[in-house]
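Generate coordinates for the entire structure from the input sequences, incorporating the hints supplied.
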Amino acid sequence: MERIFSASVRDLSGLVVIDLQGEINAFADQELSSAYDQAESHDTRTIVLNFQEVGYINSTGIALIVGLLARARKTGRRMAVYGLSDHYREIFHITRLADFMSIYTDEASLVAELG
Amino acid sequence: MFARLRKTLRSEKEEAVNLTEEEMPVPAYQPEAARTFTWDLTPNDPLYAYLLSASSVVEVDRLALDSPALRALKAAGVKVCVPLVTQGELVGVLNLGDRMSEQEYSSDDRRLLNNLATQAAPALRVAQLARQQQAEARQRERLEQEMRVARIIQQTLLPKSLPNLPGWQVAAHWQPARAVGGDFYDFIDFPDGRLGLVTGDVTDKGVPAALVMATTRSILRSASERSSTPGQILAYANELLVSDIPPNMFVTCLYMILDPASRRLTIANAGHNLPIHRRDEVVHDLRVTGMPLGLMPGMDYEEIEVTLEHGDNILVYSDGLVEAHNPAKEMFGFPRLRELLACSTDGEGCPAGEAMIPFLIDDLSEFTGPDWEQEDDLTFLILECLHSPVAPIADTLFLEEQEGVEYRLLAEFSLPSEPGNEIPLMERVVQSFQGLGLPGTVLERLKTAVAETAMNAIEHGNRYQAELPVEVRVSMSADKLCISIRDQGGSQPIPEPETPDIEAKLAGLQSPRGWGLFLIKNMVDEMRVSADGVHHTVELVFRLKGA
Numbered sequence: 018m019e020r021i022f023s024a025s026v027r028d029l030s031g032l033v034v035i036d037l038q039g040e041i042n043a044f045a046d047q048e049l050s051s052a053y054d055q056a057e058s059h060d061t062r063t064i065v066l067n068f069q070e071v072g073y074i075n076s077t078g079i080a081l082i083v084g085l086l087a088r089a090r091k092t093g094r095r096m097a098v099y100g101l102s103d104h105y106r107e108i109f110h111i112t113r114l115a116d117f118m119s120i121y122t123d124e125a126s127l128v129a130e131l132g
Numbered sequence: 004m005f006a007r008l009r010k011t012l013r014s015e016k017e018e019a020v021n022l023t024e025e026e027m028p029v030p031a032y033q034p035e036a037a038r039t040f041t042w043d044l045t046p047n048d049p050l051y052a053y054l055l056s057a058s059s060v061v062e063v064d065r066l067a068l069d070s071p072a073l074r075a076l077k078a079a080g081v082k083v084c085v086p087l088v089t090q091g092e093l094v095g096v097l098n099l100g101d102r103m104s105e106q107e108y109s110s111d112d113r114r115l116l117n118n119l120a121t122q123a124a125p126a127l128r129v130a131q132l133a134r135q136q137q138a139e140a141r142q143r144e145r146l147e148q149e150m151r152v153a154r155i156i157q158q159t160l161l162p163k164s165l166p167n168l169p170g171w172q173v174a175a176h177w178q179p180a181r182a183v184g185g186d187f188y189d190f191i192d193f194p195d196g197r198l199g200l201v202t203g204d205v206t207d208k209g210v211p212a213a214l215v216m217a218t219t220r221s222i223l224r225s226a227s228e229r230s231s232t233p234g235q236i237l238a239y240a241n242e243l244l245v246s247d248i249p250p251n252m253f254v255t256c257l258y259m260i261l262d263p264a265s266r267r268l269t270i271a272n273a274g275h276n277l278p279i280h281r282r283d284e285v286v287h288d289l290r291v292t293g294m295p296l297g298l299m300p301g302m303d304y305e306e307i308e309v310t311l312e313h314g315d316n317i318l319v320y321s322d323g324l325v326e327a328h329n330p331a332k333e334m335f336g337f338p339r340l341r342e343l344l345a346c347s348t349d350g351e352g353c354p355a356g357e358a359m360i361p362f363l364i365d366d367l368s369e370f371t372g373p374d375w376e377q378e379d380d381l382t383f384l385i386l387e388c389l390h391s392p393v394a395p396i397a398d399t400l401f402l403e404e405q406e407g408v409e410y411r412l413l414a415e416f417s418l419p420s421e422p423g424n425e426i427p428l429m430e431r432v433v434q435s436f437q438g439l440g441l442p443g444t445v446l447e448r449l450k451t452a453v454a455e456t457a458m459n460a461i462e463h464g465n466r467y468q469a470e471l472p473v474e475v476r477v478s479m480s481a482d483k484l485c486i487s488i489r490d491q492g493g494s495q496p497i498p499e500p501e502t503p504d505i506e507a508k509l510a511g512l513q514s515p516r517g518w519g520l521f522l523i524k525n526m527v528d529e530m531r532v533s534a535d536g537v538h539h540t541v542e543l544v545f546r547l548k549g550a
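Protein sequences, first through last, are from chains A and B.
The working numbering puts the first residue of the first sequence at 18, with every later residue one more than the last.
The working numbering puts the first residue of the second sequence at 4, with every later residue one more than the last.
Honestly, the hints are just simulated from the structure, not real lab data.
Any given hint could turn out to be false.
In silico DMTMM-like pairs for lysine to aspartate or glutamate, Cα to Cα no more than 20 Å straight-line [unchecked claim]:
{"id": "1", "chain 1": "B", "residue 1": "K450", "chain 2": "B", "residue 2": "E430"}
{"id": "2", "chain 1": "B", "residue 1": "K524", "chain 2": "B", "residue 2": "E447"}
{"id": "3", "chain 1": "B", "residue 1": "K483", "chain 2": "B", "residue 2": "E529"}
{"id": "4", "chain 1": "B", "residue 1": "K450", "chain 2": "A", "residue 2": "E40"}
{"id": "5", "chain 1": "B", "residue 1": "K524", "chain 2": "A", "residue 2": "D103"}
{"id": "6", "chain 1": "B", "residue 1": "K450", "chain 2": "A", "residue 2": "D36"}
{"id": "7", "chain 1": "B", "residue 1": "K450", "chain 2": "A", "residue 2": "E107"}
{"id": "8", "chain 1": "A", "residue 1": "K91", "chain 2": "B", "residue 2": "E529"}
What follows is the structure in structure tokens.
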């Protein structure tokens, strides 16, 4: 079965955003990891994950996000996210990911606060 | 090779004192008046060649050869030698001392002696052959007796009885090409109730193979105490055997472990013929390979797993069957075997279970013909699953078991255990609610819970074995929705969902994974897990009212 996931990195008002697209599951591992490597090379303290175009995250996807967060914390960076649906926002709270990363509704509210 | 010839001489001394020709013209044979001497004539002594070519009476005193045998004859007072030659072979020599009359041997005497030699030589040869045959027969009898004992000893190394497992039939057949052989089979009871079924084939046959077979069997038994999966057992046995086995010999071995409760058969193979799996009339090899035991150290053995169903048969066989030849020098071969097994079990076809053994042996003897000399050891091992067919997904699921509750069955389907199939499974579950107007939050939670449960069933329950189905049943009452998802991993317990320690995960102290069960539990109103030894069933319950 074909699984489509892509991630691209861009600068946004002094932040680095990783735009995620598709389904975050085991198949996303490599793409997500190399996007994160690229984001780290941007010399930023804050890495943002944009979930606006993400339709599905499973438990393996959660594990991948935990892995990215662990990497960020190791190098003193913080993570922020936006664009999560209500359902995944709930999951970020249940899993307590929300305790370790700031969650914003959209890009504008994120830039208003962090940018 | 040498001829050891013992001849009798008259004592000259006694003759001179006691007898004269006048007193006793035809002297009777008097053993006490004879003396014997031991005389060796080896083929490399010049006298040997001389006597062989002379073929008639030879006067010893006239001979001048550098021959130890000739010197011995002269020292013993031998006057004439009569070579006993038959079919170009020197079978004996008649050595005579002085005549009793002390006269020279006359030409009549010589003629007489030559005639005697001509008749005595073949008779002597016949006597020699008869004696040799008697000795050989005695030797053969002794060896046969030893082999009878060896066969009895080897038989004690094979299982004395077949395993008695309710719901299963195990059958075995062992037929060495000679009195003893290198094929063997064994059954090993594991403490957790699993059964090891082992078959092996040592290179070569007869006594050398039997000796290695005995060692291998012991090694496999001790390896089975140390490890619990067939791959590990073979790897460990290989390490032990490599140092014990003679060069140019090795052992092929198929090791299967049956978990009777889950009906799972785990198989590892060290160079043995692939086992055959027959389900209905469909026959296929269970492809699992590895190096034979005893060839080189450090080998790993892959494992495969198959879940058996009612009526399934597993046949393990040694080379003796497939490599048998008929008078036209054609080999029995794998295709013939597969074709035989694929025949309908009705009427003339190949039966199942233990009846398969006489069927295969009859077919083999029909193929080889009556004068066949068994070329190699022959061993069969058959495992048949007699369990009743797998019941359709239980009728006593959450909603159905509650008396008085009216429910509707919305969907019932199954999907193969392939990676990624959790998504179409989830989509089909969602489809079954279309038009029911479920609240969006319930739908989203349900999707996550169903996909996670299905993923566990595919990955942990059925271990990505596509042929094992994940079975789904969706039912609904006035206030509840129940989705049951069933896999075939019932022998393995599903752990209790725990709250993952995210601090430990972020600090790198724990794997970032392990969210599945926790997520499911948090998505549903109730989660019920049951196992019947064969299946896991996970039931996800959602309350519809107040959602």
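Going down the list of hints, with the structure as the test:
Simply put, K450 of chain B and E430 of chain B have alpha-carbon atoms about 8 Å apart, close enough for the 20 Å limit, and the pair holds. Proximity of K524 of chain B to E447 of chain B is assessed by CA-CA distance (about 14 Å); at most 20 Å being required, the pair is judged to hold. Among the hinted pairs, K483 of chain B with E529 of chain B is consistent with the structure: their alpha-carbon atoms are about 10 Å apart, no more than 20 Å. Note on K450 of chain B and E40 of chain A: the hinted pairing holds, with a Cα-Cα distance of about 14 Å set against a maximum of 20 Å.
Proximity of K524 of chain B to D103 of chain A is assessed by CA-CA distance (about 18 Å); at most 20 Å being required, the pair is judged to hold. Straight-line distance between C-alpha atoms of K450 of chain B and D36 of chain A comes to about 24 Å, which puts the hinted pair past the 20 Å bound. Of the pairs offered as hints, the one joining K450 of chain B and E107 of chain A holds, with about 14 Å between alpha carbons and a cut-off of 20 Å not exceeded. For a cut-off of 20 Å, the pair hint linking K91 of chain A to E529 of chain B is broken: about 38 Å separates their Cα positions.
When the structure is compared with the earlier hints, violations turn up for hints 6 and 8 and for no others.
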